[in-house]
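Asks: Residues per chain, in single letters:
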Amino acid sequence: MSAATDEVLSITGEGDIVAVRRAVREAAHGVGFGVTDTTRIVTAASELARNVCKYAGQGTVHLRRVERDGRGGLQLEFEDHGPGIPDVALALEQGYSTSGGLGLGLPGAKRLMDETDIRSDVGCGVTVSVTKWLGS
Amino acid sequence: MSATSITIVKVRDVLMVTMPPDPDDATISALQENALQGMELHQARRLILDITAVDTVDSFFARTVSETAQMVALMGGRTIIAGMRPAVAITATQLGLSLRQVETALSVERALDMAEAEGRREARR
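So the sequences go chain by chain: A and B. By this note's numbering, the letter at position 64 of the first sequence is numbered 64, and the numbering carries on one by one without gaps. By this note's numbering, the letter at position 82 of the second sequence is numbered 82, and the numbering carries on one by one without gaps.
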């Protein structure tokens, strides 16, 4: 898989979620996704950006155009240096939330995307990487 | 009017709340208070939430809408969500969102028909 960092956005508060959604929408269009997949990707990005704000206060998102076996895709990597996720499997269960939310953010984002990779280091932060492939 | 502001208009006894295409969290939070105050101020019986322009509904938006509908119900009103786009409906379902206690309509026009028909039924009682 070849990857080049196309864009990095910082997330410093809830006000930045709109900017993330806009940038992701544009990137998804650029890769060639249709309206339904674009909506899926943007919605997943919205959930993950909100998680960064809610749990870590701030972080970044890297938008990358990726390619594998001749297929294009878009990868979003959210990184924060917050408290981390003690139990990733539990956090991926629908309805589980430590913040009083619906508990749909992480499991929902996973369902909307093709690939999800979560690296959590308690006390050091979380990196959530999600990828959507064209024609999947 | 900014690109992210909510429009509230009263049409007969219906309060029509129109959401901007990409509302930020502050705008979504303001929806709740503005809608409830509008219901009281205009003595409206129904609230139509027009999301025709909205291109992303995430869990935060959906939760706020559900809560608002519950609050409107406590005030004796009903909420109809109108105009959800196909891509938004597909995504919302995959995400796991359910707007169970909320009535929905394909368009604002259909929502107004529903509200009017209900109003006539109430008048006959």
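Among these hints, one or two may not hold up.
[Claimed, not checked] To list a few chain B residues with every Cβ distance to chain A over 10 Å, as calculated: (1) Gln-37; (2) Met-71; (3) Arg-85.
[Stated by the list, open to error] Derived, one-sided and incomplete: chain A residues facing chain B with beta-carbon distance under 10 Å: (4) Arg-21; (5) Gly-57; (6) Arg-64.
[Said to hold, decoys possible] If you want the footprint, here are the derived chain A segments under chain B, 3+ residues with CB under 8 Å: (7) 26 to 40; (8) 71 to 84; (9) 123 to 135.
Honestly, the hints are just simulated from the structure, not real lab data. Glycine included, each C-beta is placed from N, C-alpha and C at the ideal position.
Asks: Now look at each hint and say whether the structure bears it out.
Replies: Evaluation of the provided hints:
With 10 Å as the threshold on Cβ separation, the claim that B/Gln-37 sits away from chain A holds: the shortest Cβ distance comes to roughly 23 Å. Distance to chain A confirms B/Met-71 as a non-interface residue, since its nearest Cβ pair spans about 17 Å, more than 10 Å. A beta-carbon of chain A is positioned within 10 Å of the beta-carbon of B/Arg-85; the least distance is around 8 Å. Interface restraint check for A/Arg-21: the shortest CB-CB distance to chain B comes to about 6 Å, inside 10 Å, so the restraint holds.
With a least beta-carbon distance of about 15 Å to chain B, the hint placing A/Gly-57 at the interface is violated under the 10 Å criterion. The closest approach between the C-beta of A/Arg-64 and any C-beta of chain B is roughly 21 Å, which is over the 10 Å cut-off, so the hint fails. For the region 26 to 40 of chain A, the assignment as covered by chain B holds, since 5 residues bring a beta-carbon within under 8 Å of that chain's beta-carbons and 3 suffice. Here's how the region 71 to 84 of chain A fares: 0 of its residues keep a CB closer than 8 Å to some CB of chain B, so the rule of at least three is not met and the hint is violated.
With 0 residues bearing a CB less than 8 Å from a CB of chain B, the region 123 to 135 of chain A misses the requirement of three and the coverage assertion fails.
When each numbered hint is compared with the structure, violations occur for hints 3, 5, 6, 8, 9.
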